[in-house]
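Asks: Okay, here's what each chain looks like letter by letter:
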Amino acid sequence: MTDARDRVLGAVRDALLRATLPHSAAVRPFYVVPDDQTTKADRIAQFTSALIALTGEVHEAGSLDAICDLIAQIARRDNATRYLSWSDEAIECPGLAAGLLSRGMRRVTYDLPVDQAGRLGAARSLATVELGVTGADAALSDGGAIVLASGPGRGRLASLLPPVHIALVKSDRFYGSLPALLAARPDLVARGSNFVVVAGPSRTADIEMMLTHGVHGPKHVHAILIP
Amino acid sequence: MSDAASHDGGVRSSSAAHLASAAFHTRIDEALADGQLQRAISFTADRLATGRATAFASLPHAEELRNAAQRIRAHTVAHLDRYLVEFTSNAERLGCHIHWADTADDATRLVVEIAQANNVSLAVKSKSMLTEEIRLNAALESAGVRVVETDLGEFVVQLAGDRPSHIIVPLVHRRREFVAALFRDKLGATADEVATIPAMTAFARKTLRDQFVNAGMGISGVNLAVADSGTLCLVTNEGNGRLTTTLPRVHVALLGLERLVPTSADLGVILQLLARSATGQSTPVYTNLLTGPRRRGVEGGAPGEPDGPDQVHIVIVDNGRTRLLGSALAEILACVRCGACLNICPVYRHIGGHAYGGVYPGPVGSVVMPGLEGLDAWSELPQASTLCGACLDVCPVKIDIPRLLLELRKQAVQQRLAPWWLKAAIRIFGAVATRPAVYRAVGNVVGRVGSALARSGWFSRLPGPLSAWTGSRDFPAPAAKSFTQSWRPTRRTREARP
Chain A
1 MTDARDRVLG AVRDALLRAT LPHSAAVRPF YVVPDDQTTK ADRIAQFTSA
51 LIALTGEVHE AGSLDAICDL IAQIARRDNA TRYLSWSDEA IECPGLAAGL
101 LSRGMRRVTY DLPVDQAGRL GAARSLATVE LGVTGADAAL SDGGAIVLAS
151 GPGRGRLASL LPPVHIALVK SDRFYGSLPA LLAARPDLVA RGSNFVVVAG
201 PSRTADIEMM LTHGVHGPKH VHAILIP
Chain B
1001 MSDAASHDGG VRSSSAAHLA SAAFHTRIDE ALADGQLQRA ISFTADRLAT
1051 GRATAFASLP HAEELRNAAQ RIRAHTVAHL DRYLVEFTSN AERLGCHIHW
1101 ADTADDATRL VVEIAQANNV SLAVKSKSML TEEIRLNAAL ESAGVRVVET
1151 DLGEFVVQLA GDRPSHIIVP LVHRRREFVA ALFRDKLGAT ADEVATIPAM
1201 TAFARKTLRD QFVNAGMGIS GVNLAVADSG TLCLVTNEGN GRLTTTLPRV
1251 HVALLGLERL VPTSADLGVI LQLLARSATG QSTPVYTNLL TGPRRRGVEG
1301 GAPGEPDGPD QVHIVIVDNG RTRLLGSALA EILACVRCGA CLNICPVYRH
1351 IGGHAYGGVY PGPVGSVVMP GLEGLDAWSE LPQASTLCGA CLDVCPVKID
1401 IPRLLLELRK QAVQQRLAPW WLKAAIRIFG AVATRPAVYR AVGNVVGRVG
1451 SALARSGWFS RLPGPLSAWT GSRDFPAPAA KSFTQSWRPT RRTREARP
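So the sequence lines, in the order shown, correspond to chains A and B.
With this note's numbering, letter number 225 in the first sequence gets 225, and the count goes up by one each step, no holes.
Position in the second sequence (from 1) plus 1000 gives the number in this note's numbering.
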């Protein structure tokens, strides 16, 4: 195995002696992300119209009760009674689980087993849950995207397996673009094993270029803006 | 001795080149005769090319971003050894297993071994051109591992036993009726389940969910890997890339050894351009960054992550890339596989992806295929271009594809892969053009005879070896009066002025 590493790296070094590469500089090029001149209100407005253009929905809720009512209302459309979720702590919304429980919604918690049989069994049962709820580490006005970093209490499947995904987005986390976010929060990328930028519902245009939603991921994406 | 050997090689490769050339022309004729294919490709390519133009029109600092992306990728390729070492040591530190493969066979053997070590009988796969290149599915199937493509287009291509015809839109050559018939025949779909495109999509979701929750291994390609964090970036719209890298216990990522960027800030620059170039989207639905296997908790201490793969294997594949790197074509290794050059190319738009014959079609493929596998089998591809430069205009990392195609044409002549009549014609032209008197005389005769024989200014059929040209397009007739004849009197008039 080490042999293969030495061979391939050796071949690379050997080839670099002969390579014709215009435009390459010895020093790593540096791109300065242009200053974001927009205000927070601009960014939220742009995020909202971009997500709506992708068939997502944007809501606002000022209190825990209002948040729970909204989620319960969305859940009723799809007869959802169970949901996958980040922990209240990760969403930064204490009391959410209890509030939703009092509205007839049960949170399904999980920790995928390491053994193969246990893992497949868990995956099959989680795939039947109708709704997913997460927080958001950031939102991008460019593209109407939300950013989710994995971690303890921050499962990836909540935003992936169920047909409906609701993200609670704190209003102070809006950035103009992905480069702007990466410049401001370089720590986010490798904080967990997964950092994902989600722009609206899952989509495909593979058959005759016809846009169709919900092919593998959620068909409906909601952002609830919270204080 | 060495002369004789190289001459023999020349003869052999020349005949191989002619076989490949005949097959290429047959494929082109078939593509041009297929009216449905023509409509499907021009419709799709138009949509994607227009989408790209619109997306770039609304992107602030687009040209600065393209320049930056060009510099980032060129710098990375020029220091590939350093960034490969940095990337792999970071990925290993996070708990990833790194494997190195010189050839396609090495790469597929490594993946088969990983599958066997984990008793995997079913693997789900997210779209990857590299796995097409190394024919991974065939290797896994023959080792008893079933592989299911999960990108909708690739899923259909796999069911049909077909090949993708576009880097981004593999199913560009098929219509909905084809998919409907396939789902009914192969998967037992009902009439309702294939009544509309959304119904077929829902049917595919249901069918593929069953595969996802039963798969022991997920296989993906990598759009770009970040050296300073050991991160893999995978971009999809459907979400199959996320499912493939989240649900199964084992994730195997196949990485072409050139697909690196130094930092996540560099990745951010290229991601601003990638989806806009590929599909005209400002942001793809899922930009998925993977940094190591899931983080386990400490017994009785800090909790871990609830999901994600417990094993991540990264197979770094050479398979001809170092050959490309050590050549005059190295610039093509900056490619990020967006497919924009396909959509804009007047040749691709007429013949489609399959006619090119290689895994990578279009302008990029015409450089990559001969670069990876040698010119012998692919000497015709660099000719399948008008050198109009549209590919360079749309390339997000500004690769000078026309320059590389010309370089390949030059190599083909040097390696004696050009047809004999072309070499003979060029020699005759050289002899004529270096003798002004002969040149003028020949010009006069060709002009007078040519213009008299042509019909409305064009030849649709020429004799002998020249028919190779008129077999697929008309040849313009020369003007009755040669340029020298027309120009002379004009110059005298001008000089006569006071």
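Derived by calculation from the structure, the hints in this document are not laboratory data.
Computed from a predicted model, the values in this text were never measured in an experiment.
Possibly wrong hints are sitting among the right ones.
[Stated by the list, open to error] One side of the interface only, derived from the structure: several residues of chain A facing chain B at Cβ under 8 Å: (1) LEU9; (2) ARG28; (3) ASP36; (4) GLN37; (5) ILE74; (6) LEU101; (7) GLY104; (8) VAL108; (9) ARG119; (10) LEU120; (11) ALA184; (12) PRO186; (13) ASP187; (14) ARG203; (15) MET210; (16) VAL215.
[Claimed, not checked] Per the computed footprint, the stretches of chain B lying under chain A, defined by three or more beta-carbons under 8 Å from a beta-carbon of chain A, are: (17) 1201-1207; (18) 1434-1444.
Beta carbons: idealized from backbone N, C-alpha and C, even for Gly.
Asks: I'd like to know which numbered hints this structure contradicts. Please list them from smallest to largest.
Replies: Hints 3, 4, 5, 6, 7, 8, 11, 13 and 18 are the ones this structure does not satisfy, whereas the remaining hints hold.
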